[in-house]
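Student: Chain residues, written in single-letter form:
There are 2 protein chains.
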Amino acid sequence: MEIGIGLLGLGVVGSGVARALTEKSQALAQEAGSPFVLRHALVRDPQKPRPFSLPQGLLTTRAQDILEDEKVHIVVELMGGEEPAVKYMEEALKRGKYVVTANKEVMAKHGPRLLDLARAHGVEVRFEASVGGGIPLISPFQQDLAANRVSAIHAIINGTTNYILTRMAAEGLEFSLALKQAQALGYAEPDPTNDVEGIDAAYKLAILATIAFKSQVLPQEVYREGISRLSYKDFRYARELGFAIKLLAIAKEQDGKIEVRVHPVLLSQETLLAKVEGAFNAVQVEGDLVGQVIFYGLGAGALPTSSAVLADILNLARKITQGVKPIASPPIGREKPVIPIENLRTRYYLRMTVADRPGVLAQISRVLGDLQISIASVIQKETDERAGMAEIVIMTHPSLEAWVREALKQMAELGVVKEVSNFIRVEI
Amino acid sequence: MEIGIGLLGLGVVGSGVARALTEKSQALAQEAGSPFVLRHALVRDPQKPRPFSLPQGLLTTRAQDILEDEKVHIVVELMGGEEPAVKYMEEALKRGKYVVTANKEVMAKHGPRLLDLARAHGVEVRFEASVGGGIPLISPFQQDLAANRVSAIHAIINGTTNYILTRMAAEGLEFSLALKQAQALGYAEPDPTNDVEGIDAAYKLAILATIAFKSQVLPQEVYREGISRLSYKDFRYARELGFAIKLLAIAKEQDGKIEVRVHPVLLSQETLLAKVEGAFNAVQVEGDLVGQVIFYGLGAGALPTSSAVLADILNLARKITQGVKPIASPPIGREKPVIPIENLRTRYYLRMTVADRPGVLAQISRVLGDLQISIASVIQKETDERAGMAEIVIMTHPSLEAWVREALKQMAELGVVKEVSNFIRVEI
Chain U
1 MEIGIGLLGL GVVGSGVARA LTEKSQALAQ EAGSPFVLRH ALVRDPQKPR
51 PFSLPQGLLT TRAQDILEDE KVHIVVELMG GEEPAVKYME EALKRGKYVV
101 TANKEVMAKH GPRLLDLARA HGVEVRFEAS VGGGIPLISP FQQDLAANRV
151 SAIHAIINGT TNYILTRMAA EGLEFSLALK QAQALGYAEP DPTNDVEGID
201 AAYKLAILAT IAFKSQVLPQ EVYREGISRL SYKDFRYARE LGFAIKLLAI
251 AKEQDGKIEV RVHPVLLSQE TLLAKVEGAF NAVQVEGDLV GQVIFYGLGA
301 GALPTSSAVL ADILNLARKI TQGVKPIASP PIGREKPVIP IENLRTRYYL
351 RMTVADRPGV LAQISRVLGD LQISIASVIQ KETDERAGMA EIVIMTHPSL
401 EAWVREALKQ MAELGVVKEV SNFIRVEI
Chain V
1 MEIGIGLLGL GVVGSGVARA LTEKSQALAQ EAGSPFVLRH ALVRDPQKPR
51 PFSLPQGLLT TRAQDILEDE KVHIVVELMG GEEPAVKYME EALKRGKYVV
101 TANKEVMAKH GPRLLDLARA HGVEVRFEAS VGGGIPLISP FQQDLAANRV
151 SAIHAIINGT TNYILTRMAA EGLEFSLALK QAQALGYAEP DPTNDVEGID
201 AAYKLAILAT IAFKSQVLPQ EVYREGISRL SYKDFRYARE LGFAIKLLAI
251 AKEQDGKIEV RVHPVLLSQE TLLAKVEGAF NAVQVEGDLV GQVIFYGLGA
301 GALPTSSAVL ADILNLARKI TQGVKPIASP PIGREKPVIP IENLRTRYYL
351 RMTVADRPGV LAQISRVLGD LQISIASVIQ KETDERAGMA EIVIMTHPSL
401 EAWVREALKQ MAELGVVKEV SNFIRVEI
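Residue numbers (the working numbering), protein chains in the order written: chain U, 1 to 428; chain V, 1 to 428.
Extracted from the complex, chain U is given alone in its bound form (with noise of 0.2 Å):
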């Protein structure tokens, strides 16, 4: 038999899954025990030029020769966003055909309804190139994960901040001059802000989380900073006290209750995490049998989400060609109260600019202290001689978030701090 293929998009990893199916037909057909078949793929434009040729008649501009195809048993969705992907996904599902997506939006809003419709067609989604590009994420969290309760999901899941954040680090750049360079050499979007703001790590780390704690996560529920603020002084200050600044997507269940962040934190030097530099992910899970595992590789582009891709085609590929039925996976449901970050207990870093003269810091001291915010370390650094300004960098031992804030508030309002400059969370 023959496997047919669907695909929805012929975009960077469209084209580098067509590709792939063409170049390396041969390997992939002994992988799977059939030969595969591209049978259409749906693009918006079929005069645009494209880097490789596919055969004529392939393209088209109506989602339903692909849907209606019965020769098709896979439908590969790599269009992206939320509408139209997720009605054609669901009316694959519905027509009983298999179907692989990289779209982190829908399976981040829709994921356990499609698992859901899935399981009642007799049919399975697959979602490896959600999340991490062709990093095995979704299989092991699935599969060889399965008997570990997991505690904690430390990710850095988003390349393009970790390229930003490495070159400030590195070379002292600001914020904006290093979105800049990562805009030029095509790390960044020209529209940055799915990146910078941490949306795109919400959505996947609302995936993972969803999986990991078998309830699920929505990407509203994530609490999310995003990396504008930081400066080239937070990096400076961070690596005199022994830290890196990442931009993390957490996640944790403790007695039943979840908390999903995403935003800047220092964490220690000696950690694999803050050793991760570039446009390179890592996912560190905790889990109560193998302890901590990372997974660490490329999190985007062509070549590795294709290989993502892939591997979920080639799943589906020996299964509908040895007639061996999807395994039914429990469904989700929404169990697990994830609780707001006003209730987060950790240790924080408060940068600021205050008057250069006596008592300044016992003003600042009795904010924190009449809120329970233990000081752990401070430096104090003269800035401005002639305007009497010196900088505070305040290191917390662990408090709640809700008073770290109202602190905040009642600093800002103190005559001898001109600014609070910054407060990132510390983490690990």
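A hint or two may mislead.
As the list makes no split between identical chains, a pair holds if one copy fits it or if it spans any two.
Derived lysine to aspartate or glutamate pairs resembling EDC-like cross-links, with alpha carbons at most 20 Å apart [claimed, not checked]:
id, residue 1, residue 2
1, 71, 277
2, 409, 391
3, 48, 68
4, 71, 259
5, 336, 221
6, 24, 253
7, 94, 221
8, 24, 286
9, 275, 221
10, 94, 116
11, 24, 255
For the record, the hints were derived by calculation from the structure and aren't laboratory data.
For chain U, the structure is supplied; the task is to place chain V on it using the hints.
Tutor: Same frame as chain U, now just chain V:
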């Protein structure tokens, strides 16, 4: 239905698995879709005191009690060693039972044959725990990276030696002292041969190379050197030159030929592998699509190994519960030859003790030059002024192993060379 489990072996890992099956029974049953019943555990001495109690009548000294029990669906082999483990596994498969094993020796020596036997009897052998403890490796190679042509594996897959090397590097210890400390702390066995001579790592590398390159590599085909001839001096010079020293298991495929070797290497301090410390393992894979991925975690211990054993058990239990046949993977032959170490071309670190007088370096350089070995850098240090001795460390450009060996022989015969103290290959 109930999934019947028979345990062959109730040592550290076996006890961990039995314990988890009991203590996590509810969570595991939910994951599997059926409850588990531990029906028998094969032990040598039923009277031996054990850290936790199993129901009366569960212990047996007769393997046939497990192999002949029709209610045992999955035989979990955790006794280790080649015989009688392999015999029991064969019999289990022939009787249509699924097999899960952590046995690296059996899988390295007999893997493809056992996989064939399983295929012939419509069952499966799973062996995730045989390499890297709880780190997902076998399943990622078989599934997630299946679309890739793997070109190279660089792995730290023996925690004992990595622990010893970490201590030697950090504290300037000699090997014998670091080994004694590792033994005192339980990181090394009373007879450490299997670990320090790279035998354990060679088994694991044979397994990884076999599934990555889809051609059987036998453990005796793995070129192997242990860590016992490393001196703290090597660590000191390596650091000066920007390198760390690790025991790496390396497998490469080029033009249908396989290179497999386990030996100490100098690798750049900037690599992530150089930063893997203590008893942790890390496996770095290069694939044509995925680029570089790294899997990191604890490679041994009762709990991490249980994590992998239980993942395999869960995977099979889901299939048994839902009446889903195993997926047959293509048979693995022996098409790809293993090339001898003499054909290796890499950079070398050479350390020798020489007479501290003019012309010595010229004599050494002539030997190297005549064998087409070109020098990249030299460190010369006076070590013993009274004896007129100095130490020379030479880093070569890429050279042929056969010629480097010949050069070492010729240099040892030079009157000015008191001792060729070490030579270490450079990687990455």
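Student: Against this structure, judge whether each hint is valid.
Tutor: Hint by hint, here is what the structure shows:
1. 71 x 277: neither (44 Å within a copy, 52 Å between copies)
2. 409 x 391: Answer is within; shortest intra-copy Cα gap is 18 Å, inter-copy 64 Å.
3. 48 x 68: neither (25 Å within a copy, 66 Å between copies)
4. 71 x 259: neither (44 Å within a copy, 43 Å between copies)
5. 336 x 221: within (12 Å within a copy, 52 Å between copies)
6. 24 x 253: For residue 24 and residue 253, only the inter-copy Cα distance (17 Å) is at most 20 Å; the intra-copy one is 42 Å.
7. 94 x 221: This pair counts as neither: shortest intra-copy Cα distance 29 Å, inter-copy 52 Å.
8. 24 x 286: between (37 Å within a copy, 17 Å between copies)
9. 275 x 221: neither (29 Å within a copy, 35 Å between copies)
10. 94 x 116: within (11 Å within a copy, 37 Å between copies)
11. 24 x 255: between (48 Å within a copy, 16 Å between copies)
When each numbered hint is compared with the structure, violations occur for hints 1, 3, 4, 7 and 9.
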